[in-house]
Amino acid sequence: MTGQTTVSAATSATDAASAPLLEIRDLEVGFTTQRGFVPAVRGVNLTLGQGETLAIVGESGSGKSTTAQAIIDLLPGTGRVTAGQILFEGKDLTTVSARQMQDVRGRLIGYVPQDPMSNLNPVWNIGFQVEEAIKANGVAQGRDARKRTIEVLKEAGLADAGDRLKQYPHQFSGGMRQRVLIGIGLSSRPKLLIADEPTSALDVTVQRTILDHLETLTRDYGTSVLFITHDLGLAVERAEHLVVMYKGKVVEAGRSTDILANPLHPYTQKLVSAAPSLASRRIQSERRPETTEHMDIASIGARDAHLIERADEREAVTTPDIITVENASKVYQIRQGGFKTKELKAVDDVSFSIPRGTTTAIVGESGSGKSTAAKLVLKLEEMTSGSIRFDGTEIGSLSGKDLLSFRRRVQPVFQDPYGSLDPLYSVGRTIEEPLVTHGVGDKASRRARVLELLEQVALPASTINRYPNELSGGQRQRIAVARALALKPDVIVLDEAVSALDVLVQGQILDLLTDLQSELGLTYLFITHDLAVVRLIADNVCVMQKGRIVEAATTDEVFDNPQQEYTRKLLEAIPGANFHFGR
Amino acid sequence: MPSNATQGDGHFVADVEETPVGAVDSFDESSKVRTTWSDAWESMRSRPMFWISAVLILFVVIVAAFPQLFSQTDPARGCLLPDSNGAPEAGHPFGFTRQGCDVYARVIFGARASLTVGLLATILVTVVGTVLGAIAGYYGGWFDSILSRVGDIFFAIPTVLGAIVLMSVLPTRDPLTVALVLSLFAWPQIARIMRGAVLSAKNADYVQASTALGVSRLQILIRHVVPNAINPVIVVATTSLGTLIVAEATLSFLGIGLPTSIMSWGNDIGQARTSVQTAPMVLFYPAAALSVTVLSFLLMGDVVRDALDPKARARR
Chain V
1 MTGQTTVSAA TSATDAASAP LLEIRDLEVG FTTQRGFVPA VRGVNLTLGQ
51 GETLAIVGES GSGKSTTAQA IIDLLPGTGR VTAGQILFEG KDLTTVSARQ
101 MQDVRGRLIG YVPQDPMSNL NPVWNIGFQV EEAIKANGVA QGRDARKRTI
151 EVLKEAGLAD AGDRLKQYPH QFSGGMRQRV LIGIGLSSRP KLLIADEPTS
201 ALDVTVQRTI LDHLETLTRD YGTSVLFITH DLGLAVERAE HLVVMYKGKV
251 VEAGRSTDIL ANPLHPYTQK LVSAAPSLAS RRIQSERRPE TTEHMDIASI
301 GARDAHLIER ADEREAVTTP DIITVENASK VYQIRQGGFK TKELKAVDDV
351 SFSIPRGTTT AIVGESGSGK STAAKLVLKL EEMTSGSIRF DGTEIGSLSG
401 KDLLSFRRRV QPVFQDPYGS LDPLYSVGRT IEEPLVTHGV GDKASRRARV
451 LELLEQVALP ASTINRYPNE LSGGQRQRIA VARALALKPD VIVLDEAVSA
501 LDVLVQGQIL DLLTDLQSEL GLTYLFITHD LAVVRLIADN VCVMQKGRIV
551 EAATTDEVFD NPQQEYTRKL LEAIPGANFH FGR
Chain D
1 MPSNATQGDG HFVADVEETP VGAVDSFDES SKVRTTWSDA WESMRSRPMF
51 WISAVLILFV VIVAAFPQLF SQTDPARGCL LPDSNGAPEA GHPFGFTRQG
101 CDVYARVIFG ARASLTVGLL ATILVTVVGT VLGAIAGYYG GWFDSILSRV
151 GDIFFAIPTV LGAIVLMSVL PTRDPLTVAL VLSLFAWPQI ARIMRGAVLS
201 AKNADYVQAS TALGVSRLQI LIRHVVPNAI NPVIVVATTS LGTLIVAEAT
251 LSFLGIGLPT SIMSWGNDIG QARTSVQTAP MVLFYPAAAL SVTVLSFLLM
301 GDVVRDALDP KARARR
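Protein sequence lines correspond, in order, to chains V and D.
Per full-length UniProt numbering, the very first residue in the first sequence carries number 1; after that it's consecutive.
Per full-length UniProt numbering, the very first residue in the second sequence carries number 1; after that it's consecutive.
Everything labelled a hint here was simulated from the structure, so no lab data went into it.
Do not rely on the hints blindly, as some may be mistaken.
According to the in silico footprint, chain V covers these stretches of chain D (three or more CB under 8 Å from chain V) [said to hold, decoys possible]:
| no. | region |
| --- | --- |
| 1 | 23-36 |
| 2 | 127-136 |
| 3 | 218-230 |
Beta carbons are placed, not taken as given, at the ideal position from N, Cα and C, and that holds for glycine.
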């Protein structure tokens with residue numbers, strides 16, 4: 001097997017018939033870091049047959065992506081395979097030369113990366129990039145390559161491919177870029193396609209069309225697909241087989257429907273029960289005196305009847321509105337070169353109100369204006385027209401002392417747990433900052449308050465001297481919540497506050513938020529793109545589309561009886577929406 | 001059954017004891033406290049280059065501060081013409097200059113002027129550049145526009161060329177004027193870097209969070225934005241300490257930097273030039289001292305960059 005002899009040629013007919021397409025045996029992968037060797041994949045086994053689909057599910061750091069990268073020899077940095085075999089059509093990919101691997105990659109194994117925004121080169125047009133892949137994989141050359149490029153893009157769902165070849169990535173939306181990447185991945189009709197979180201960066205409705213399309217294509221070509229995902233719903237909807245990874249090991253594997261209906265390993269059980277779905281109900285506080293029995297998140301589903309009753313009670317009590325938004329609009333002037341400007345209505349005549357002590361969610365896809373709406377309520381952006389009243393006071397004209405006291409009562413928690421804490425501030429100093437700013441207490445009493453807050457967000461007191469870089473995403477988000485709570489606010493605005501977190505951590509933070517709400521009587525404005533999370537936390541929902549609120553009602557009404565076509569579309573697009581997880 | 005995980009339709013479950021489920025997102029209290037600075041320190045001290053340049057810099061600083069410790073000969077007096085371009089002898093290891101002065105003593109006593117000008121100019125450049133760059137980047141508007149254009153103008157003039165023109169018309173020449181003139185042409189670099197770093201730091205979520213807490217804009221700039229934007233400035237400042245020392249030496253070499261009454265490496269090199277063919281070593285020693293000093297600051301700048309710039313660290 002040297003020179004022109006390729007891996008596929010080496011595969012004898014006998015192997016191909018009996019052996020599975022991909023078989024991973026006792027794979028071990030590790031990284032060399034400044035602190036020594038760190039194993040990332042520890043003895044993974046999996047098998048994928050011709051034409052089958054398999055999903056590897058796990059939280060961040062579980063080794064799922066590392067496993068996929070090991071297959072095509074694209075381990076980042078110092079990563080390397082230390083033991084085990086990766087048998088592709090019977091041939092061990094861990095032993096082939098870099099040259100032979102190049103031949104396998106792209107031609108026999110296609111790869112669709114996670115982030116459509118950074119995986120296309122911004123300085124080359126789309127046609128060039130697809131053509132490059134086609135030529136490199138020896139699918140076609142010269143004029144044929146150009147023809148094939150158009151074919152590939154059409155297959156990937158870009159109907160006007162011929163006209164768009166000369167366009168650049170920035171002229172494509174995220175969904176279209178992902179179609180291009182799928183087109184590239186499938187251009188040489190590979191036997192295996194590895195899709196690493198292919199749609200995590202996209203809106204649910206776009207995700208759905210893309211996955212539908214991918215499914216059709218791979219079924220037609222008989223391509224096997226290996227999905228890497230954190231989303232159980234997506235896994236059960238799109239893959240026949242499932243491998244659950246945890247801390248570098250496979251903890252459960254089998255048919256996806258079997259596993260998710262009847263999870264046997266304790267980790268899978270935890271994962272399945274925490275996965276938000278349309279069947280879930282609003283989380284109730286565990287700390288309420290009447291619910292004394294210990295309930296973890298796993299038992300949420302089991303309490304439906306009781307909880308619906310509770311929810312009805314809550315809705316029946318009329319509480320005064322703490323925030324009232326009336327006809328609020330936010331128009332941005334977008335410069336279009338020269339002196340021309342275009343108006344962009346980010347928030348367009350939006351009205352809603354938030355009753356005290358409840359949670360209102362604003363849900364929408366990217367560009368719907370939901371985050372801008374949150375910033376208007378926080379007075380981080382000035383509205384163009386309309387009115388927002390907080391506790392009876394118009395916030396538009398607030399300044400000086402009045403603005404400071406408004407800031408004291410309305411606090412934000414942002415999406416990115418890595419960006420919202422100053423990396424140079426210790427945890428104690430971060431949580432103390434609002435107290436110092438508003439001149440609350442002396443040094444000793446502030447420290448006592450910080451310790452109290454750390455306890456409220458369930459972090460050990462010793463974290464007071466730690467820095468954000470030592471904390472996980474979930475822990476940082478707890479710190480952000482503690483900082484928001486420091487001044488005992490009435491309202492907390494949570495802008496995608498749990499979107500970046502793993503599902504178990506997300507569940508934990510949602511539990512925490514619910515507990516804090518019932519303890520402290522907080523009002524939440526919850527901004528999210530994730531309808532399943534809305535069901536877990538919100539009492540009322542506003543669905544936004546293109547700057548407008550298209551539907552606003554109680555959570556149960558929106559989920560059980562959506563009035564708008566758009567809302568229905570959103571609900572249907574949630575992966576695994578109608579699958580009944582075993583709990 | 002630890003191996004052969006997924007055969008056929010078999011539902012594989014790993015041994016629970018082999019794969020225990022840990023608490024979700026628990027905090028390891030036993031881990032070491034790590035700050036950004038302690039991380040940078042860890043990274044620096046593991047590199048031999050850091051220790052080499054640190055020892056060299058420390059040595060040069062001690063020489064500059066206490067030259068008497070290293071040479072008993074007073075370089076200003078006792079120059080005897082009979083010793084002109086004399087070879088090394090006991091007590092005078094580097095030989096004599098054309099004026100018959102002790103070269104070793106001059107090199108030792110010259111360190112102070114070179115280092116003073118370099119340090120003074122660097123501090124001036126850093127303070128001015130940081131303040132102007134931070135204000136321009138943070139507040140933007142007309143101040144930013146004016147500062148950027150003024151910066152561009154100064155940027156277009158090479159530091160040494162501008163300094164030559166300015167120094168040749170100044171009535172007094174001492175370490176302070178040389179430092180001032182050098183900083184006048186060198187600040188735009190730092191200001192530009194600071195402006196860029198502030199532009200990216202001011203859009204961080206933690207700045208918005210602080211705004212929503214009610215912290216004033218100026219307080220945010222001082223407490224959050226500047227500390228988070230300062231790293232690239234520290235890196236460039238360390239490096240420019242070296243280049244500014246060279247700039248001073250260049251000016252003195254040309255005879256328009258420090259007056260000849262002040263001993264500096266630049267002056268010595270300039271004077272040795274005339275007799276370079278007969279006594280090359282007279283030129284060699286001050287030049288070597290200058291090179292080693294500048295090199296150690298450049299190396300230090302390199303190490304500091306690696307330590308403070310996480311991207312550079314990941315690439316290693």
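Now for the hints, and whether the structure bears them out:
Only residues whose C-beta sits within less than 8 Å of a C-beta in chain V count toward coverage, and the region 23-36 of chain D has 9 of them, enough to reach three; the restraint holds. Note: the region 127-136 of chain D has 0 residues with beta-carbon separation from chain V under 8 Å; the three-residue rule is not met and the coverage is violated. Residue count for the region 218-230 of chain D with a Cβ under 8 Å from a Cβ of chain V: 4. That meets the three needed, and the coverage hint holds.
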